[in-house]
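Engineer: Residue strings, one per chain:
Protein chains: 4
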Amino acid sequence: MPMPDLPYAPELSVSAWYNTPEPLTLEALRGRVVLLHAFQLLCPGCVAQSIPQVQRIERVFANTDLQVVGLHTVFEHHEAMSPVTLEAFLHEYRIGSPVGVDMADEQSPIPITMRRYAFRGTPSSVLIGRDGSILHQTFGVEEDLAVGARIATALSAARTSQ
Amino acid sequence: MPMPDLPYAPELSVSAWYNTPEPLTLEALRGRVVLLHAFQLLCPGCVAQSIPQVQRIERVFANTDLQVVGLHTVFEHHEAMSPVTLEAFLHEYRIGSPVGVDMADEQSPIPITMRRYAFRGTPSSVLIGRDGSILHQTFGVEEDLAVGARIATALSAARTSQ
Amino acid sequence: MPMPDLPYAPELSVSAWYNTPEPLTLEALRGRVVLLHAFQLLCPGCVAQSIPQVQRIERVFANTDLQVVGLHTVFEHHEAMSPVTLEAFLHEYRIGSPVGVDMADEQSPIPITMRRYAFRGTPSSVLIGRDGSILHQTFGVEEDLAVGARIATALSAARTSQ
Amino acid sequence: MPMPDLPYAPELSVSAWYNTPEPLTLEALRGRVVLLHAFQLLCPGCVAQSIPQVQRIERVFANTDLQVVGLHTVFEHHEAMSPVTLEAFLHEYRIGSPVGVDMADEQSPIPITMRRYAFRGTPSSVLIGRDGSILHQTFGVEEDLAVGARIATALSAARTSQ
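Residue numbers (the working numbering), protein chains in the order written: chain A, 5 to 166; chain B, 5 to 166; chain C, 5 to 166; chain D, 5 to 166.
In short, the hints are calculated from the structure, not lab data.
For each residue, glycine too, the CB sits at the ideal point set by N, CA and C.
Don't take every hint at face value.
Computed Cβ-Cβ distance ranges for the label pairs, DEER-style [what the hints assert, rightly or not]:
hint : chain 1 : residue 1 : chain 2 : residue 2 : range
1    : D       : R34       : A       : P56       : 43 to 51 Å
2    : C       : M107      : D       : T68       : 35 to 43 Å
3    : B       : G125      : A       : H82       : 38 to 46 Å
4    : A       : P56       : D       : A32       : 46 to 54 Å
5    : A       : R63       : B       : H82       : 37 to 45 Å
Here chain A is said to cover these stretches of chain C; the calculated rule only asks that three of the stretch's residues, wherever they fall, bring their Cβ under 8 Å from a Cβ of chain A [said to hold, decoys possible]:
hint : region
6    : 47 to 53
7    : 58 to 65
Modelling step: build the complete structure from the supplied sequences, incorporating the hints.
Structural biologist: Here it is, written out as structure tokens:
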């Protein structure tokens, strides 16, 4: 159960969405547990480790109200990872959950949402509680047992605790 | 939180203990979550999969009151898996948590505790709640995410719920 | 040692080269053993399996005259796998051996070299003997032991046998 | 092709054989390539790595005249790894190729053949050429590509070169 002083998860800033009929916002997801997964399609650690883990998470927690949200946070090789390449990537890797493109910033190679969360790189993950607070944020990939435990604990928090 | 009608975990019947100063009983462990892991030292699936998973579980949940209990349930090749071989096995595989030898039954190749739980073979695992009820029992190995989630949920049950 | 009636490896048709100061041709490589590796950067089996295997091959056979040649054979999602994306991909995956872009065909989504070899998809590999004959061609990934044995056998063929 | 000054492989000293109708000797195997694999049934590295690799080798080189010979070289926990345990182990791990028990030495915990080869521990492997010379000896497990290449090169040596 999130403590009152946990930081609130900043809102997403997204320029395009895939795999969702309409844009997602964390505000609208309030009341549910959200796993935000920041990746880049040319990031070897994302492709080999975090994306397969997120797909396992979706399968194992399919019967819960966990919402997985992918975020394509391009901070390098911008031309190489355009939306047309992302769309083909999502198709080839059979990624069916919602993915947003992190909003580019004209003043910086770091996109907007990535800066709001101060991600150190990709892959990064944020577990957001029912009340919108950040329960856990990590750079890299943690082991499945710990991740499963953390998500289950977040899910067990009463909806009324938000 | 265990439902009132969950079956209670039958007591262990053990002829020898390793890695513990004194014998363990489920009765004495009441109030804690217990992971009972039944294995045989010549079982390939145990050596390759369930024992490494149990060792990961011990590491990830080291700061909780989870108690892992190994049970050497020999139901075949009895002469091949004697206590002297088990002791060397525990040493070579660096298994430091308590392991009991399931009590042999003179009338059957199936040892006593194995029969009480109706294990279908090895590896088998039983997750026992704080109140002594069987929360989950499985033959084989389940994936880490699901196992981590299940243990975390069991641990989150209030101690007073027993 | 290649039999006289083995098919000769057709020449490469490449629109751009990476990781080589000048274009490669099989003709100029005659006398050496060549491993031709056809891949696409958005092909999951290439990224997870064949590219790591090719990198292991380069390491294990570093002291031989084996020449590894990558071929980016884009036959789908053409816009998604443009040269700018390939270049970033080679950088991120630390691919340092020569890679050619298979020449696009205006009449077909299948590029020229891919058609010459009748590749069934990606990843595909061709082992070419010192005399320019095709010793082995495969779609998918074969196990390391067999691949290592096949390359060693090709390398052991006398240079004068060409 | 073995050089004239390569050391000859010392003969095996074995107290019991499994999976062979009659005892094997290196002398009788002269003319064939032999892979000698020294292991202990309670050796984690053997069970997890070298035994599976030897089983892959047997499968990949099934159509050659390679002879795999297992050697149970017990140098510690002697009581724990008696023949009755070895026999059950071979059954459970589906090891079907010949395995000899290295002859115990009354004066030392190190068995006879292990001492002759100066093995540093288990797993150890020796690749023996058609002429009986030691082509390669290693402690631990090497990668499949290199192992496959080495065996193929040994097999390609003419039988008449012995």
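Engineer: Now, for every hint given, state plainly whether the structure supports it.
Structural biologist: Structure-based check of all given hints:
no. : hint                       : result
1   : D:R34 / A:P56: 43 to 51 Å  : holds, 50 Å
2   : C:M107 / D:T68: 35 to 43 Å : holds, 40 Å
3   : B:G125 / A:H82: 38 to 46 Å : violated, 55 Å
4   : A:P56 / D:A32: 46 to 54 Å  : holds, 50 Å
5   : A:R63 / B:H82: 37 to 45 Å  : holds, 40 Å
6   : 47 to 53                   : holds (count 4)
7   : 58 to 65                   : violated (count 0)
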